[in-house]
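A.B. asks: So you can see what is in the structure, the chains are spelled out below.
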Amino acid sequence: QKEVEQDPGPLSVPEGAIVSLNCTYSNSAFQYFMWYRQYSRKGPELLMYTYSSGNKEDGRFTAQVDKSSKYISLFIRDSQPSDSATYLCAMTDNAGGTSYGKLTFGQGTILTVHP
Amino acid sequence: DAGITQSPRHKVTETGTPVTLRCHQTENHRYMYWYRQDPGHGLRLIHYSYGVKDTDKGEVSDGYSVSRSKTEDFLLTLESATSSQTSVYFCAIRATNTDTQYFGPGTRLTVL
Chain D
1 QKEVEQDPGP LSVPEGAIVS LNCTYSNSAF QYFMWYRQYS RKGPELLMYT
51 YSSGNKEDGR FTAQVDKSSK YISLFIRDSQ PSDSATYLCA MTDNAGGTSY
101 GKLTFGQGTI LTVHP
Chain G
116 DAGITQSPRH KVTETGTPVT LRCHQTENHR YMYWYRQDPG HGLRLIHYSY
166 GVKDTDKGEV SDGYSVSRSK TEDFLLTLES ATSSQTSVYF CAIRATNTDT
216 QYFGPGTRLT VL
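Protein chains in written order, with the numbering used here: chain D, 1 to 115; chain G, 116 to 227.
Derived by calculation from the structure, the hints in this document are not laboratory data. If you're wondering where the values come from, they're calculated on a predicted model, not measured in any experiment. Some hints here could point you the wrong way.
Stated by the list, open to error - Straight-line Cα separation of at most 30 Å, DSSO-like style, residue types lysine-lysine; simulated pairs:
id, chain 1, residue 1, chain 2, residue 2
1, G, K185, G, K126
2, G, K172, D, K70
3, D, K70, D, K56
4, G, K168, D, K42
5, D, K56, D, K67
6, D, K2, D, K102
7, G, K168, D, K102
8, D, K102, G, K185
9, G, K126, G, K172
10, G, K172, D, K42
11, G, K172, G, K185
12, D, K42, G, K185
13, D, K2, D, K67
14, D, K2, D, K70
15, D, K102, D, K56
16, D, K67, D, K102
17, D, K70, D, K102
18, G, K185, G, K168
19, G, K126, D, K102
20, D, K42, D, K102
21, D, K42, D, K56
22, G, K168, G, K126
23, G, K126, D, K42
24, G, K172, D, K102
25, D, K2, D, K42
26, D, K2, D, K56
27, D, K2, G, K172
Using the sequences plus the hints, can you model the full thing?
C.D. replies: Here it is, written out as structure tokens:
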């Protein structure tokens, strides 16, 4: 079983829909969570990062962490065709410091928002 | 793109040949990483560096070596390329005092 599980999709939604992307994990030591967006043939770009449980909002994007359930989510409101990309969750059991900062990634979910 | 460049961006090579990929950063970050990305596997860490001449293995390091003689450059070498090393390779840096990483544009490598 992988440490981080992410439904690869693909996920196809109409413009304006609310999108929910999810990851589950097994390592209870993970405490720092990230979402990356990757356009086709590009490098991943950091979208959101959160520390421990709770919600964080940035424009149309909300990242949610539930450590008790070992479950994280990314919500996209009013989705746009420009949101079409692969979304990767990533997490670590470090919090800066002197460790090498190993990130564990999900497989990525392919999202298409059609007009 | 956090000042990260990778070269070459595309390469086709034959089995058994040596290949070196270069990652260059302009912002003096201490930590640098090499990942490969394959369908169904997400991003997997190959090697990382925590300073000049300081490197260590990641989860898929077999068949790869790295070197870092300057802060700004991190080289990934395939000593004798195999078809299983066909992949997209990403370099990343770690932002100071956080665990967030920023990625380069990637190198698409095909081994025939």
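A.B. asks: Please write out, lowest number first, the hints stated earlier that are contradicted by the structure.
C.D. replies: Hints that this structure does not satisfy do not exist here, as all of them hold.
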